[in-house]
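A.B. asks: For reference, the chains in residue letters:
There are 2 protein chains.
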Amino acid sequence: MAIEHASQRPIEKAFPQTNHPVLPPIPASLINHRVITVEEAEQLIAHSLESLPSETVSIEDARGRVLRETLRADRNAPPFNRSTFDGIALSYAAIEQGHSEFPITGTAFAGSPKLSLDAPNACVEIMTGAPLPDQADCVVKVEDLDIANGTARILEGTPLSRGHGVHPESSDCQSGQSLLKPGCRLTAKELSIAASIGKSELLVSSLPRISIVTTGDELVPVDAQPLSHQIRRSNDLALNTALASAGYTQTRRFHIVDDLKETETVVASILEQSDIIILAGGISKGKRDFLPEALESAGVSKSFQWVAQRPGKPLWFGDYTINDRKSFVFALPGNPVSCFTCLHRYVLPALDQISGLPTQATQYAKLKSDFQFKPPITLFLPVLIEHDTDGQTWAEPLPFNTSGDYISVARTQGFIELPQSESNFASGTAYKFRPWQS
Amino acid sequence: MAIEHASQRPIEKAFPQTNHPVLPPIPASLINHRVITVEEAEQLIAHSLESLPSETVSIEDARGRVLRETLRADRNAPPFNRSTFDGIALSYAAIEQGHSEFPITGTAFAGSPKLSLDAPNACVEIMTGAPLPDQADCVVKVEDLDIANGTARILEGTPLSRGHGVHPESSDCQSGQSLLKPGCRLTAKELSIAASIGKSELLVSSLPRISIVTTGDELVPVDAQPLSHQIRRSNDLALNTALASAGYTQTRRFHIVDDLKETETVVASILEQSDIIILAGGISKGKRDFLPEALESAGVSKSFQWVAQRPGKPLWFGDYTINDRKSFVFALPGNPVSCFTCLHRYVLPALDQISGLPTQATQYAKLKSDFQFKPPITLFLPVLIEHDTDGQTWAEPLPFNTSGDYISVARTQGFIELPQSESNFASGTAYKFRPWQS
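Going down the list, the sequences are from chains H and F. The numbering of the first sequence is the working numbering, which starts it at 5 and goes up by one. The numbering of the second sequence is the working numbering, which starts it at 5 and goes up by one.
With the rest of the complex left out, here is chain H (with noise of 0.2 angstroms):
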């Protein structure tokens, strides 16, 4: 059997940095066949999950990936004693006996070689950016000095002191000091750091290969006119946009029909592929759900089945290892809104994780009206988002909605998570949010 990629890359088990928190493993007795909490779904997937091997690329390719090195200074930040104005640089020791005027005995701009004050009381003029002589100390702005026969004269009652408009050399950082750590998504700042280090090349987490499947007889194509019995495919489409918007931009996507034979063809070629496949629909309890029975027959191994959540019951999750690396199947509900929950839920977490970053910090909002819920489940539930004068931030839950449509969640920033434990959710109580990737 020919094994793509897994061979040439290499395996890490161990990843250096993370702050998941070890939680003492579920035991399988108890999970087998039932419907499991969310917290329970979570820490199913955290344990089981496995970090992505790393590889180098070029600092103009690594946009949103997962830094997997120390970033640390090459030399001091800034190089050497750096003017923060144009004007003239002089020793402060002059103005302290009294000077005022001074002799201009060449220009220092930015980019040329250090100058040298010829005189205790001479200075040179400068530029913003530019080295200052080793005998001055200090730099007296443009707008406060009135320049005339090449001499300098500061105009009277400038606040100065020894050491002002001078940015001094390794004040921001020394040579060899650590500046960014593994674990960090690289953004512009990121970047900026790495740049200007001369790190044009960075050791970053693998992007997770991810294969995007769907099934349904009843899917046509979006440029497809549909039989009054079809429907329009749109779960891959949006599956691949929030991932990719999340960076993950590794994708594949297939359509299966609803064929036994076919879905097993198409799910054994795939887990050879992927590190992660994300299956939208054909996981429940229909008599054409043939995708537990091929991820079975294909030797993946299932960890969960259902949780008790809404959206998102049917939840399938498990795992299958090949040439000593393990891969990851997250079976969605086809809803639309579930499947998207779930992907917001669990996938993008597990993909954060197995990429080395650190959980993200939980956000929360107020509930802007009172809610209720009965059955004993959490409830994910879509809000609009409204942050106030006065740093809080209100969700107000949309008019409550089972039929899993996009049409009424397109205008909600994310969803809020009502807890299993509690049907009555009042009014001014915070819950977890979760911002939909925009």
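Be aware that one or more of the hints could be misleading.
All copies of an identical chain are treated as equivalent in the list; a pair is satisfied when it fits inside any one copy or across any two copies.
To be verified - In silico lysine to any residue, SDA-like type, Cα no more than 20 angstroms apart, as pairs: (1) K436 - D392; (2) K317 - P423; (3) K436 - H391; (4) K145 - V39; (5) K372 - L402; (6) K289 - T155; (7) K436 - E44; (8) K306 - T41; (9) K378 - P163; (10) K317 - E173; (11) K291 - N327; (12) K185 - R415; (13) K291 - Q277; (14) K118 - S174; (15) K330 - G303.
The hints are simulated quantities; they were obtained by calculation from the structure and are not laboratory data. Bear in mind that the values here come from a model prediction, so they are computed numbers and not experimental data.
Place chain F on chain H using the hints.
C.D. replies: Same frame as chain H, now just chain F:
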């Protein structure tokens, strides 16, 4: 003179939908050379901007783009009475008449044409997503059934009603109904709606053609070994990365050495090919700050050059017109943090505005500790953000650092805006907060 693009793109002066407040313009006499406030700068920019033309793109390429048409349902959603469970479909009247056993006369699969009920007290097996027979108005879950010998018996005590398990035709929306309006950013959920109504192509705002220009002889490329008086270039990468994260990917980068002739040549050529020009550095009062002169001689009309803010006082903004199409120049300070802050405070909102997005809702965060800042200017203060469990957002200022390096800023999530009119900022008071592009 060859005008790239300009003649091929439709000019749309009046954008169909915007919620930018219409304020009276600031008289030119008021802003001539003086240092203006942050609010004046914001207002001058917003008044000057004009919206981009539109173009048609494939739905697969539309992520992050701004919609410029109304999307309407092409048919009812759902298009038929749809089963939300796997189970049996029947007429609720039969249950009202006391029936609890139903002969199964067929199986309705998702994606197969609609069946019909053969008799008033018959049923069909039905799968999630399948159309109900016309005569059926209730679905009983497979878990609530005992099926044997072609007959389904409803388990005693199963709560049922007319409409149970049915997602009624047109309950999500009716054919022709407006689903999305112009001016929304196309994320996963909006694209899912577009897919479901068969919009494989979408009318969106053109991407602005952005030129990023760095200046300064002291700057060397990332992969070069700088001499002691040189530093590596990072502003262009930081700007480009943040712009890409915000969806503005049509960028080109230029570096100009400190030479008037070259500056004039490059500026003139860039002006012809850009909707927005972002300059980093070279705009202050230094002897080799050739940009003001080059911009003026290229015909760029300056709106303002100095803003009462820290960081970012030397912020230059102007516009120019080629072939009846207006374009815009933002000259940002060369100091990395000043440059990055001004990008977020002025340039990104301007790009959103010309793309047709409404102004983003302002976020606020509460100061975590007292803070003093005496100068009568607006302070943009990088902060560490904490979300507490009560739905409040807290902002902890970094130890104050005027040097403008990225090293400390990398730990922050954005900046708060402390207004010019105050100098004592009390712990617990909320101020405007802007996150860095992630």
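A.B. asks: It remains to establish, for every hint, whether it holds in the given structure.
C.D. replies: Consistency of the hints with the structure:
no., hint, verdict
1, K436 - D392, "both (18 angstroms within a copy, 10 angstroms between copies)"
2, K317 - P423, "within (15 angstroms within a copy, 49 angstroms between copies)"
3, K436 - H391, "both (15 angstroms within a copy, 10 angstroms between copies)"
4, K145 - V39, "between (71 angstroms within a copy, 17 angstroms between copies)"
5, K372 - L402, "within (11 angstroms within a copy, 33 angstroms between copies)"
6, K289 - T155, "between (90 angstroms within a copy, 18 angstroms between copies)"
7, K436 - E44, "within (17 angstroms within a copy, 39 angstroms between copies)"
8, K306 - T41, "within (16 angstroms within a copy, 62 angstroms between copies)"
9, K378 - P163, "between (69 angstroms within a copy, 16 angstroms between copies)"
10, K317 - E173, "neither (60 angstroms within a copy, 24 angstroms between copies)"
11, K291 - N327, "neither (34 angstroms within a copy, 64 angstroms between copies)"
12, K185 - R415, "between (38 angstroms within a copy, 11 angstroms between copies)"
13, K291 - Q277, "neither (28 angstroms within a copy, 59 angstroms between copies)"
14, K118 - S174, "within (17 angstroms within a copy, 76 angstroms between copies)"
15, K330 - G303, "within (12 angstroms within a copy, 62 angstroms between copies)"
Violation of the numbered hints given earlier is confined to hints 10, 11, 13; the remaining hints are satisfied by the structure.
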